[in-house]
Amino acid sequence: MLFDLAMDRPVATTWMPPRACEDYWSEFRHCKSFMNRFHQYYAYGSVPSCHQWKEDYNNCREWKKSRSTETQEALQRSERKRVAEQKNFDPVWELRCEPPKDWHLPLNQDNTQDS
Amino acid sequence: MNQKKTEEEYGYDLFPERNEGKQNTTSFKESIQTFNHKCKFMLQVAMETSPYAKLLLTAMKSSGCKVLKERHFSCEDCDGTVSGGFDAASSQIVLCQNNIHQQSHMNRVVAHELIHAFDHCRAHVDWFNNFRHLACSEIRAANLSGDCSFVSEVSRFNFGLKKHQQECVRGRALRSILAVRKITREEAERMVDSVFDSCFNDHAPFGRIPHGKKDAKFAHRDYTNRDHYYKNL
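From first to last, the protein sequence lines are chains A and B. Here the first sequence stands for residues 1 to 115, numbered as in the UniProt record's numbering. Here the second sequence stands for residues 1 to 233, numbered as in the UniProt record's numbering.
Take these hints with a grain of salt, some might be off.
Derived lysine-lysine pairs resembling PhoX-like cross-links, with alpha carbons at most 20 angstroms apart [claimed, not checked]:
{"id": "1", "chain 1": "A", "residue 1": "K101", "chain 2": "B", "residue 2": "K66"}
{"id": "2", "chain 1": "B", "residue 1": "K213", "chain 2": "B", "residue 2": "K54"}
{"id": "3", "chain 1": "B", "residue 1": "K214", "chain 2": "A", "residue 2": "K101"}
{"id": "4", "chain 1": "B", "residue 1": "K40", "chain 2": "B", "residue 2": "K54"}
{"id": "5", "chain 1": "B", "residue 1": "K40", "chain 2": "A", "residue 2": "K32"}
{"id": "6", "chain 1": "B", "residue 1": "K69", "chain 2": "B", "residue 2": "K54"}
{"id": "7", "chain 1": "B", "residue 1": "K66", "chain 2": "A", "residue 2": "K32"}
{"id": "8", "chain 1": "A", "residue 1": "K65", "chain 2": "A", "residue 2": "K81"}
{"id": "9", "chain 1": "A", "residue 1": "K54", "chain 2": "B", "residue 2": "K40"}
Covered stretches of chain B (chain A as the covering partner; in silico rule of three or more C-beta atoms under 8 angstroms from a C-beta of chain A) [to be verified]:
{"id": "10", "region": "39–53"}
{"id": "11", "region": "59–65"}
{"id": "12", "region": "181–188"}
Rather than coming from a laboratory, the hints here were simulated on the basis of the structure. Predicted model, so just to flag it, every value in this text is computed and none were measured. Where a beta carbon is used, it is the ideal one built from N, C-alpha and C, also for glycine.
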């Protein structure tokens with residue numbers, strides 16, 4: 001909870017589920033579809049478990065009704081886990097802080113062959 | 001640096017029109033003009049309708065590398081069977097107008113090359129001197145562009161099922177490296193193996209391996225929503 005120091009009363013935080021509830025449902029349906037299961041087997045050699053999407057959908061709907069902290073925390077835990085899974089590799093290269101300087105240069109001006 | 005040696009070392013000999021300094025000039029031969037027009041038309045369709053291309057273009061714009069069709073794409077004649085390439089020196093994607101004849105193929109090539117461009121935009125990729133970097137971008141491009149979809153593989157008469165995507169990605173990355181660099185097959189295989197696990201699992205900007213248009217559309221939806229998503233994590 002944030003406190004408005006000037007007014008000395010709590011200001012409601014504006015947390016919302018990271019995805020729209022319908023998005024959780026559409027991800028669940030997509031996950032369970034034959035084509036997706038086929039493609040997961042083709043890529044990874046195993047069939048995906050989809051129950052987490054359904055759980056997230058239920059928590060999302062419940063949060064909309066009750067605004068409970070349990071459902072909020074459950075959703076946050078689930079999504080943080082998803083983000084961690086996507087980052088679960090050692091990068092091969094260093095990320096840039098800025099885009100390459102010559103991206104927008106007109107042609108014939110950046111062919112320096114210095115690289 | 002010896003010009004000819006540079007050309008062969010970095011695969012520029014596959015793209016002869018680059019060396020002659022031709023840029024979007026129309027040729028006298030009608031057939032080449034037709035190929036050029038068709039290539040430009042199919043490129044426009046890909047940029048407007050392919051969910052893979054649309055997500056990559058959005059991601060590149062957000063990363064500070066807005067893609068301009070006239071500046072960053074070039075339809076040219078190429079040698080052999082190569083379909084396209086990314087030239088980091090000029091920040092251009094080359095599309096081989098003489099080797100791309102179907103819209104679905106154009107969509108895949110555009111996605112593939114945009115992945116290289118996206119890697120160039122967001123990371124310090126040493127295209128010319130670091131084979132691990134090159135291997136990594138080729139693994140990602142083969143994995144995320146649809147190059148290794150089940151349907152694409154079947155159309156090449158490569159029939160495989162369990163984990164076949166990984167075999168395909170490995171093989172195509174290897175082929176791409178060998179086409180543009182003078183190294184032995186064994187050396188290229190070692191490079192690919194050394195970075196495979198990392199790069200096969202790097203799905204940026206998709207957040208997943210897009211196996212078809214629906215995956216790509218969901219990925220685009222997630223990308224569009226990312227500010228709200230991370231704010232509420």
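Hint check:
The straight-line distance between the Cα atoms of A/K101 and B/K66 is roughly 12 angstroms, inside the 20 angstroms bound, and the hint therefore holds. With a CA separation close to 11 angstroms, the supplied pair B/K213 and B/K54 stays within the 20 angstroms bound. Between B/K214 and A/K101 the alpha-carbon distance is near 35 angstroms, which puts this suggested pair outside the 20 angstroms criterion. Distance hint between B/K40 and B/K54 is fulfilled; the C-alpha atoms sit about 17 angstroms from each other, no more than 20 angstroms.
Distance hint between B/K40 and A/K32 is unfulfilled; the C-alpha atoms sit about 39 angstroms from each other, more than 20 angstroms. This hinted pair checks out: B/K69 and B/K54 have alpha carbons roughly 13 angstroms apart, not beyond 20 angstroms. Of the pairs offered as hints, the one joining B/K66 and A/K32 is violated, with about 36 angstroms between alpha carbons and a cut-off of 20 angstroms exceeded. This hinted pair does not check out: A/K65 and A/K81 have alpha carbons roughly 25 angstroms apart, beyond 20 angstroms.
Pair hint A/K54 plus B/K40 does not hold up; C-alpha atoms about 44 angstroms apart against a cutoff of 20 angstroms. For the region 39–53 of chain B, the proposed coverage by chain A is not satisfied: 0 residues have a C-beta within less than 8 angstroms of a C-beta in that chain, short of the threshold of three. Proximity of the region 59–65 of chain B to chain A, defined as three or more residues with a beta carbon under 8 angstroms from a beta carbon of that chain, is established by the 3 residues found. Judged by the Cβ-Cβ criterion of 8 angstroms, the region 181–188 of chain B is not covered by chain A as claimed, because only 0 of its residues qualify and three are needed.
When each numbered hint is compared with the structure, violations occur for hints 3, 5, 7, 8, 9, 10 and 12.
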